[in-house]
Every structure is written in C-alpha cells, then in structure tokens.
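Chain residues, written in single-letter form:
There are 2 protein chains.
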Amino acid sequence: MASLQDISLSATINILSAFAFLVAFAMFRLQPMNDRVYFPKWYLKGIRGSPTRSGLLVSKFVNLDFRTYIRFLNWMPAALRMPEPELIDHAGFDSAVYIRIYLLGLKIIVPVTILSLVVLVPVNWTGKTLEKVKDLAFSDIDKLSISNIPVGSERFLAHIVMSYVFSFWTCYVLYKEYKTVATMRLRFLASERRRPDQFSVLVRNVPPDPDESVSEHIEHFFCVNHPDHYLTHQVVYNANNLANIVAKKKKLQNWHVYYQNKYERNPTRKPTTKTGFMGLWGNRVDAIDYYDAEIAKLTEEEEAERARVTSDVKAVVPAAFVSFKTRWAAAVCAQTQQSSNPTIWLTEWAPEPRDVYWENLAIPYVELSIRRLLMSVGLFFLIFFFMIPIAFVQSLANIEGIEKVLPFLKPIIEKKAVKSLIQGFLPGLALKIFLVLLPNILMLMSKIEGYTSLSFLDRRSAAKYYLFILVNVFLGSIVTGTAFQQLQKFIDQPSTEFTKTVGSTIPMKATFFITYIMVDGWSGIAAEILRLVPLVMFHLKNTFLVKTEQDREQAMDPGSLNFATSEPRIQFYFMLGHVYSVVTPILLPFIVVFFAFSFVVFRHQIINVYNQQYESGAAFWPDVHRRIETGLIISQLLWMGLLSTRGADKSTLVLIAQPVLTIWFHFFCKGRFESAFVKFPLQDAMVKDTLERATEPNLNLKVYLQDAYIHPVFKGGEIERPTVVNEEENNPLVPTKRTSRRNSGRYSPDASF
Amino acid sequence: MASLQDISLSATINILSAFAFLVAFAMFRLQPMNDRVYFPKWYLKGIRGSPTRSGLLVSKFVNLDFRTYIRFLNWMPAALRMPEPELIDHAGFDSAVYIRIYLLGLKIIVPVTILSLVVLVPVNWTGKTLEKVKDLAFSDIDKLSISNIPVGSERFLAHIVMSYVFSFWTCYVLYKEYKTVATMRLRFLASERRRPDQFSVLVRNVPPDPDESVSEHIEHFFCVNHPDHYLTHQVVYNANNLANIVAKKKKLQNWHVYYQNKYERNPTRKPTTKTGFMGLWGNRVDAIDYYDAEIAKLTEEEEAERARVTSDVKAVVPAAFVSFKTRWAAAVCAQTQQSSNPTIWLTEWAPEPRDVYWENLAIPYVELSIRRLLMSVGLFFLIFFFMIPIAFVQSLANIEGIEKVLPFLKPIIEKKAVKSLIQGFLPGLALKIFLVLLPNILMLMSKIEGYTSLSFLDRRSAAKYYLFILVNVFLGSIVTGTAFQQLQKFIDQPSTEFTKTVGSTIPMKATFFITYIMVDGWSGIAAEILRLVPLVMFHLKNTFLVKTEQDREQAMDPGSLNFATSEPRIQFYFMLGHVYSVVTPILLPFIVVFFAFSFVVFRHQIINVYNQQYESGAAFWPDVHRRIETGLIISQLLWMGLLSTRGADKSTLVLIAQPVLTIWFHFFCKGRFESAFVKFPLQDAMVKDTLERATEPNLNLKVYLQDAYIHPVFKGGEIERPTVVNEEENNPLVPTKRTSRRNSGRYSPDASF
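Chain order of the listed sequences is A and B.
Its first residue numbered 1, the first sequence is counted upward by one per residue in full-length UniProt numbering.
Its first residue numbered 1, the second sequence is counted upward by one per residue in full-length UniProt numbering.
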C-alpha cells in the first residue's frame, strides 16, 4: 500500500506533466503555422482564413505578440463560453451531447464527494482499527477508508445509509439527464432542416425474383404495399472494388506530388524510385514518369470498373434506399413489418448518407446470424484469453527463444546493446501493440457483425471495449492473475465468494487507482489537447505534399470524437466513482478533477478541432445510460461482498434491495425514454409534413431525393450528380468537394504517406 | 432406490387406475343423461339435440344398447380421425396448435428413445460397475443407467456423442415445428373472415385534455395523424361496478328459480329462507317473495348504475378501440409509435372482443411499472418461500398448537375421533389447498401486472407456473430441502458445484420420476377425460335449477383448455425427457406413453368437450418454443455437471458448445419466426384489403364496427345492440344469446349455487 507521500509524489509528477502539456499547447496553438492543427474546425466552416497569407515572413510562422503568451490558459473560459444551442449548431448534436456525459459525471460525483467527505471520512478516521494493529503496514489513506472501521462495528450503518443515498442520487440524476437528452433530441429532430434520411428507409434482404431485376422488384413491391406514399428508390451498387482502385490511385497521386515537389525545389536532380515493394528494391526508374504511368494505368482500370458496376446487373446488391412522399410514410415503413417472412424486405430508418457503411448492406439473414455467433465467441476469447498469444510472442521474443529459432542471428543478438534492447523493450512491446490495435480489432469485429451505419458500428465497438475494460482493467487490477484465471476462480468459487474476494480487495487498491486516474485521466487528457500526432503529420504533409491552398486544407486532419474508445473510458471512471464512494471517499476528488478537466478540454476540442463524421442525434445515449447503471449495479454487488467480510453479514441483506431497485429503474427508464432514440413518432412526422406542405407547396421532392444515396466513390467522379442532392452536406460554410472527399476517405483509408 | 419390482407394482396400480377411469368414462359417456357433460361442444355448435326428448323413459337416461359397451375404446380412433384443417375449423386454431405440442413431444422423444435404447442401454448394461460394488443397494434400473459405467471410462464417449445427436435432433424438430406453426398461423390469419379486431387498435394512456372529452380528443388525434385512414372509435366505460351488480342479480335469480322449482314439486309447503348470511340466520321469510323483492331492488340499482355509466364523463376510462378503414392502416397504427412521449397514446393490436380483459385498460405507465416490480418480487418470494406460511399453518394446525391458542376447544379436540382427524388430515391440507389455489394466485398476479387480454394473461400465468414447477417440482425433487435452502446452496456453492450436485443426483431419482409420470401423467390424464367435477355439477344443476331447455344448456359447463396450468406441465415432461435421455434411457418410454395418451385424450376433449374462450391464433407458440429450449439448456448444463463428477472432467469441455449453440439457435429462431406471432405484415394486410374491396365494394364498415367493442355487461341488456356487431360470434351454429352470456360469465364469475 502506497503511503500519502507516494501519492503526493505521483500527483506532483502528473500535475507537472499535465501542466507541461498545457503550456506546450498554449505555445503551439498561438503559432500561425500550427493554426490548421488547432483550429481546423473553423477552416472547415470557412470562417477562418489562412493566417500565413499576409504580414512579415517570420510572423507567418511564429507568433511574436508576447502578450498573448501571458494568458496561456485563456482557451478555457473561451471553451466554456459558447452556449449549448450554439454549440449544437456549430459542432453537431452528437458532440454536444457527448460532452454532457462529463457534465453528468460532475453532477453525480460532486454531491457524492461532498457528502462522502463530510460524513464518511470522519466516521472512518475515528474508527481507530488500523492504529491498534501494529504489525500491519498502513498508510494515512487507509485510515480515511473503510478499512479503519472495526469488524462488526455499528459504524457500518453510516456506510449503508450513504450507499442508499448515493444510489438514489445517481438514479435521480440519470433519470433527469435521460429526460433532458430525450427532449433535446426530439427538439433537435423537429428543428432539423429537410434531409434525405427523413424521407428514406433502408430496405435490405430483397428476395431474388426470376423475372424482375432488383430495382423493378423493389418498385413493384412498394407501389403495391405503400401505394399512396411510395416515391422513388435508389439501388445500391457493389462498388467496393472500385473504391479500392480509387484509394490506390489517390495514394499514387500523393507520391507523384511528393516527387514533383522534390524536383521543383531541386531541379538539378530528377528524383528516382525503385519499382519493388515500398520502393526498397527493384529497378531504379525516374519517379515522376513512373507514377505518371502508374496513375494512367489505374485511371483506365477505374474507368472499366466504373462502367462494369453501373451496367452489370450482378453489381446491384439486394438492398436499396426507398424514399417516400412524406416523413409520415417513411416513419410507417421503417417501423412496420413488410412481408410475412421476417427475414426478407427488412426495413429500417435510413442512416444519413454520410453515415452509411456500404460494405454491409447485402448480408443475408442466416449468414448474419452465424457471423454474430462467431463474433460473440470471438469476443469472449479475446477478453479472457488475449494474454495467451501475447505471452507466446513474449516467450519467443526473449534472447534464448530467438537464438533457438533463428540460430544464425546469434552473433548479432549477443552484442550487449542489442541484447539489452531486446530484453528491456520486446516483452512490453507485444502488449503495447495489442492494446493500441485493440480498438481497431473491435471495430473490425463489429464490421463483421454486419451493421449498416458508421454510428452503429461505433456504438457496438464501444460496447465491446467497455466489456474489455471492465474485465481486464477494472477486475484485472483488483484481482491478481489474468482474466482467464479470474474466470476460473469465478466458476470454481461460490458466486457470493467472488464478490467477497473482489469486494474485500477493493480498499487496498485505492492508491493504485488514484495513480491510474492521474496518469490516464489527467495527463492523458492534457496530451489529448496537444494533438502531437496530427501536429507532426500536418507539418510532414505540409512540407512534402502541399502545393496549393486546397492541398493544405486536405493535409489538415481535424479528427473526430472517437466514441468507440473514449466513451468506455469515461464509464470506467464512473464505475470507480460508484465503487469507491463508500469505501475510500478520498479517491473521489481525483475523479471530479478528471471530469471537470475533460469537460473543458473536450468542449474546446469539439469547438475548435473535431469535425463530425456523422450525425446520429445522440442515438448513443441509451447505451451510455445503461452502462452507467451497469457500473452502479456492479459497485452495489461488490459493496455487498465487501460488507459481508466485515462481520456485518446480516446487514448485507439490507443492501439486496439496491440492485433489485436499480434493475427496475433500468426497465422503467427504458420504457419511458428509449423509444425516443429508436423510433420516430408519427405525430412529429405529421407536424413536419404539414408545415412543409404549407411553406413549400411546390417542392419537387423526387429531384431532391433522386441521388441522395449514392456510393461516395461515384460522387465527384465521372457520374457527377447535381449537388442539390444533399442539403445537409451542401451547407454553405462547407465546400462540397472537400466534404465528399472526406467521406470517401473513411471507406478507403488513404495511407497518404 | 426402487427396484424393478417396485416400479412394476406401481405401474400395475397406475395402469389399472387409468384403465378404471377409461372404463368409467366409456360407461358414463354412453348414458344419454350425461350427454351434455361429454359432448357439450356439439350442443354449442347446435348440431346435437337433446336425446332425452323421445323414446322410452328409461332410455332417456340410461343406454340400454349393450353392443355399444363392447367397443368401449372406440372414442380413440374417432378422436384421431378428424383431419387437422377440419379440427381448426371445429375447435379453433389455438386448440389445434395446442395439441400439436403433444405431437411435438412424440416427434422429439420417440427417435431419441429408440436411439437411446439401442445404443446407450447396451453400453450401460455391460458397464458392470454396480456388480462389483457389493455393499451398495442397486436395482436393475440402475444397471441400465449411466451409474453402471465406471468412473473415467471411455464409454462416456458414447453418451457425449449421443447427447449431441439428441440436442441436434431436438433443435431440428423445434425449427421445423416453429416453421410449420408460423406458416399455419399466417394461413389461418389470411383465411379468416372479416373480424372487428383486424381493423382495430387498442389505444391506451390517452392523455387528459382540459378542453375536450376523451372521445373528442381521440377522434381529433387520429384524424390529424392518420388522416386518410381513421374510421371510428369506441371509448371504454368503467363498468366494473355494473358488472358486479349484474352478477349478483344473476345469483339471486338462480335462488329464485331453485325455490320456485321446490314449490312446484311440493305445492303443499311454501319454501322459506332466512335473510342473514347464506341463509343461516336472521328472520325466516317466504323465499320466493323475498327473492322477488331482492331482485326488483337490484334491477333498480342496475338501471341507475347503467344510466350513470353511459352519461357520466368520469365513467369513460382513458382508453379506446380505434378502428380504421383498412387492415393496412390498422397494422400501421398498431406497429408504430404515435407520440414523442412513449408512455402516452400507446397502440397495440386490439384483442378479439371476447378476449379483452376490461378491468386493466386504464392503468397509467408509472403505476404499471411499479405493479410489475412488486409482482416480480412477489413471484420470487412465492417460489422460494411459499413453504414458510404453509409450515406456519401446519404448526398451528397440530393438537398442541390449537389447544394453546384456543384453550376452550380443548375438550372437543381431545376426543379421539377429532384428534386423529386433525393429526392425519390438517398438516397435508394446507399444502394441498395452496397447490390447488396456486394457478388462481398466479392468474391474480398476472392480472395485477396489468395485461389487457385474457390470452395474454393465460400466457403470463403459464410462465409463472413454469418457473414454480421448475424450481419446486423438478429441482425440488432432485435436491432435498426447500426451494429456499436450494437457493442458499446455489449462492454459497461455486456455480459449477450446484450443477455437479444436481447432476450427480439425477440418476438416483429416475425411479421416483417414473412413478411420478405414471401417477401425474397417466392416471391424471385418464381422470381428465372422466370430467368428474363437471359431471357432478351438471347433475346437481339439472336437478335443482333446470326448468326449460335453455336452462339446461346453461347448466352445461364445457370448460376450456387451461393453457396456464397444462402447458407448464407438458414442459415438465419435455425437461424430464431431455435430462434422462442420456442418463437413464429406460425412463423415456414412460414419457412417450404420456405424450401419446395425452394427445389422444386432448384431441377427443377439444373435439367433443371444450369450448374455446378466445382465439389468439396460437400466439403462445414462441413461449412454448422458448421453454422447451430452456429445458434443453438446463438439461445440457446438468449433464455437464453429472459428467464432471464421473472422472470425465476434460471431456466436459467438449460439452460446453452445446448450451452456446442452443442459445444461438434460440436467437436464430426468434429472429426468423417470432415476428409472425407479434406483428401483422403490411403485405398480407394489403392483400386482404384489396380482395375485400374487389368482392364487397359496398360494405359499410362503419356500421359493422360501430359496436364491436362494447363491455359485455351492455350486451343483451337494456342497451341491446344489433347483433351484426360481431360476425365471429354471430356464427350461425351458435345462438348469440348464449355466447354473450358465456362471455360475461368470464368477467363476473357467477357462483350459481
């Protein structure tokens, strides 16, 4: 157990490093040359122009106005100043609601912290158990925790009452917040401008018909079954191959630009490259000519593929976006079952055009079902057995292992410098690489599961990541041993024993988690605002690839809120808060600092940096709500386990109502609010329809909708469509061209460099 | 452990008693005076007339044609002869599908039995473990079971393979059957004649409006939000009080008839009665005059109440049946969300008029949510702690207890006859009364939970009863001790330990369950066909109450399939079959006999006796399917537990895929078929609408629907409505008057006598 001194030291280090990040950020963001890294959102909005255009040469790159440095924290009040309605308008509803999670954390934890410090800390402090036990090492933190209460003491009554108060308060705040977010969402949806997805429904699993093409079949089906409402539909082309070619071409073009820039700066020497893998071997040729030829080749290929996709009947997948004359009809079609066979003619709300995940639109029911089974089993193994391959790699990666497998490397390895590098670096490396790759692995699994929109993929990945964190970070930190050993323990022990074991270990781990919060929470968030990777990437691109102003805009990487990884991490702090609220109250202020600091940082980021990939209207809120409740229930069970080891066996029974009531609360809220996030009420649809009919009686909806749902690879390509297509994206502040490129980037990750 | 001899003895006794019931049934059913007890269905259909009308006086009551007695089992082939489509037409779709559960049992268990007897019994028989163990008592049945295999033997491979084969076969048959039933249901719904519920939607939680009445508010809301489709609506009156008065009046009328009959048979003496409770004390008055006056008083009261209900605004509950112009529009309204607040304007498919449970139509969301929480907690306590009050009553009901509490009774109790009665009878009585009342308690709990149709109430009660049987009969028989003690064990042991304990006890309980099957299954079913209680009741009523032919028809009690109690009992046999298929194959033939015998008996009953209370279109099938799967999964887990105690610890891991795959199979089937039972596809609705528009272009639907959903107490009363109202009930074979009385009987249980 760490003493108060250790904690203070750790706190000092972390506060200093967080401070260093903040100072660095304050310095960097004031340099004009970094302007596009720290304020890309404003560039995308078209409000901010390049500061490098005018003035002294030096002041193009470095800020010489020293007064601005003095107020290096003035971004904080600026971040808090923008009112929420404006924030929704500026950064999108998803982002605005996302930062409300941090606010929710403050709303829940701050009163709990105050109450806990005022009531429980004195009760614990005067418990005087640890002073009597002479041979046990204990720290001052433990004196403030429940460990200081003698076994079987009546003082536990205070903790039991407080745990009820805390649970009640959490549920109350959760309820209020769910209500607020649901109301906000409905207001947001009601105030939205006309968008194609309001009129459209995604139809999947269109059954094959021997006499008709997919398109004809869809038209006939909906003409018959929604006779007064059907308007038009767009079939989906399987353009995955085409998208690959386009992405490849883009990459070659980047290299082309790079060599051309190189040549222009130093016209004396023509740049050359090798034709083999990554330019490492093969014949040496003139680089610009080589890439010219390669690009021409790919362009031809692209033409052929484009022609094939648009003409070949087989390139049409059995899915389509069907549009209706009114929002009412679309709402009806999305919520009803079409055919007596519930695995064909599946209808659901169409995602926004930019939110569609095109690859997954054509998976038949049985395959989907099997994929989900495999991914569930896969997730189980990933969570509980991920240490096995890593341990295997680690065992290979030690000196003896490498020498055994690759004996010819022996002379090199035996050199001292190499040896110490391998010994010190390799074992940890495998785990680090795995943890960095984990979100991508989880996203890949979600994609295999066959969800059809990016927003849903993000939400599913978040659920998986939450489970991983819960088992491997939370329980893994409390119980020693790998997740698999925990699982075995869980199976072999009585079910109450597990909560007892875990529960009784909790007070001892408080100092560990305090350090964790400071490292991961405080310094991590401070690092987030510095954006070191995008900063470096931007300057690399800027140096080698940028020729025109447009290129520079493209080199900007605003990034976006990564819901799939950051939300589960917030949940982890919620859980820590719930678990330690009665056990070690002194941990709570650290969490409060995390929530407050994160709130300011992310508010700043969504205002100035992040560019939203899609707008789901905060469809993630039910997930957030449910996971906070899950954390609460877990903490209640562990608290029961802890208490039953402290000679308060009977009073444990008093606590059993807590999880029961929380579970009931979950169902209550689900019934009360969830449908606001998954359905679209007919009443609201009718109001919008009526209003539109009155204000725009001559609107030609068919023209408006006809090309709304087109694979991004066709956009801006040969089959250039009128840009009226997509009003949301046709936002006057955002040039359409860039928008569509941004989209395609998502589906065809361009390695760029 | 019972030996083969004990089993044979028990079998003989049970077969004889079953045989006796069958012979008694064969005798009774041939007597003309019992005709209305054993063939009420045909009377209700109007096909069979009273046989007592003509011929000799004796032959009116007793069958003198002795040839008919010889073929006393000829009802069996007769019961099997009716083809299924005719059966659906005759007895209703629910009943026809219900007996398919028994058929499903045969389809699953018969091949399993054969395979098990052919493969596993020889493997077990030659295991020769039990012969070596000298000091252990064992029976021949155990030699045929898995107990005869030595610990750690390789022979277990046969059992493991077989368990996979059985699980696979079960799932295959379940899948086929689900598909068949779903197809049958869709065909049934498509072929149905026009019925009010096809066009109607039940709207609940209509929000209060300060300016409009409930009726106006509903009309405006649906006129706005379903403008082209809304047709009409009927508000629901809170007529519970009126229904009570009507029921009370009915009862008094019965007494009136009874005394009048008495007077007519013996005109010398005017019958008298006492005015106090149950005619036991109070003033002695002339009975006929007294009841005349009482009835007149109640008639007035009824008039007043009727007037109040139809005129008072407060008598209208915030719920209504809203009807649409087409089936398509009704399907749309039932499947969509109307308002942005998901707890108001709730729409769901309207149940059939006779299926509506009127009392529950007006429960607000929060109250409903709290009711369900309380009932869940209540069910938990009922299942695990029901023994506590019973044990308390039993402790009171012993001699010493009674003497202590009521010392003045001492002289009476101490008499030998009374004493032995109390000692022998009372302790068991409390439990027996509880078990008889249990289905009613569960139904009451379901009613409190607030479901709005009788069919749904039945299904919910069945779910509760299944849980009770699973915990208290199945597990209770295997593990000693009360359910609460099991629960404690389950909590205090490792989770695997519980399945091990239970699993290892299973082989020893085989003989117990064989006896149970014979008593409860064989003799119980044979008793079912004899209908002793309705037989006695009919003759009592016939003697004292019947004056006219119409009275006699009313005295008939056809009864109906009691889904809530009989389906969970079938599930119990399914579970026994799954559990013992690999463990003690010799038990399986007993289950086969149960399924086959029940199939014949219930087919006979639904053809000749039962009168359906409602038609849900086999909406219960998903429940049946799910519970069979649950039983299968439980059996797989117990089988793993059993195997792990037999030194085959490693091979237990091979079995873990079984429950995982079965759970996956559950979700697969759910996605594939369930919506056929809960939704009505728009395509089918459109087909029916189009057909109707073509065949009956001049149909006045508004007139047809206007009084379809009227509280049964208003039917045939002062506010007599045109009988066109309800075509299904207006079946030419069934006199309308009786039908409506049958309905009201359900809501106001008339004690009659």
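Hints may be right or wrong, so weigh each one.
What the hints assert, rightly or not - The calculated label-pair distances, taken between Cβ atoms and stated as ranges, are:
| id | chain 1 | residue 1 | chain 2 | residue 2 | range |
| --- | --- | --- | --- | --- | --- |
| 1 | A | 437 | B | 364 | 47 to 53 Å |
| 2 | B | 415 | A | 152 | 33 to 39 Å |
| 3 | A | 161 | B | 562 | 44 to 50 Å |
| 4 | A | 150 | B | 389 | 38 to 44 Å |
| 5 | B | 364 | A | 161 | 54 to 60 Å |
Claimed, not checked - Counterexamples of contact, computed for chain B against chain A with all Cβ distances above 12 Å:
| id | residue |
| --- | --- |
| 6 | 8 |
| 7 | 85 |
| 8 | 448 |
| 9 | 471 |
| 10 | 657 |
| 11 | 699 |
Note that these hints are calculated values from the structure, not bench results.
Note that this is a predicted model, so its numbers are computed, not measured.
Virtual Cβ for every residue (Gly too), placed ideally from N, Cα, C.
Each hint, compared with the structure:
A hinted range of 47 to 53 Å for the beta carbons of residue 437/A and residue 364/B is consistent with their spacing of about 51 Å. For residue 415/B and residue 152/A, the hinted distance range of 33 to 39 Å is not satisfied, since their beta carbons lie about 54 Å from each other. Range check, residue 161/A to residue 562/B: Cβ separation about 48 Å, and the 44 to 50 Å hint holds. Judged by the Cβ atoms, the range 38 to 44 Å given for residue 150/A and residue 389/B holds: they are separated by roughly 39 Å.
Distance hint check for residue 364/B and residue 161/A: the Cβ-Cβ separation is about 32 Å, which falls outside the suggested range of 54 to 60 Å. With a cut of 12 Å on Cβ distances, residue 8/B stays outside the contact zone with chain A, its closest approach being about 43 Å. Its beta-carbon lying about 19 Å from the closest one in chain A, residue 85/B satisfies the requirement of being farther than 12 Å from that chain. With 12 Å as the threshold on Cβ separation, the claim that residue 448/B sits away from chain A holds: the shortest Cβ distance comes to roughly 16 Å.
Distance to chain A confirms residue 471/B as a non-interface residue, since its nearest Cβ pair spans about 17 Å, more than 12 Å. The Cβ of residue 657/B sits about 9 Å from the closest Cβ of chain A, inside the 12 Å cut-off, so the non-interface label is violated. The beta carbon of residue 699/B sits about 19 Å from the closest Cβ of chain A, which is more than 12 Å, so the claim that it is off the interface holds.
In terms of the numbered hints stated before, the structure departs from hints 2, 5 and 10, listed from lowest to highest.
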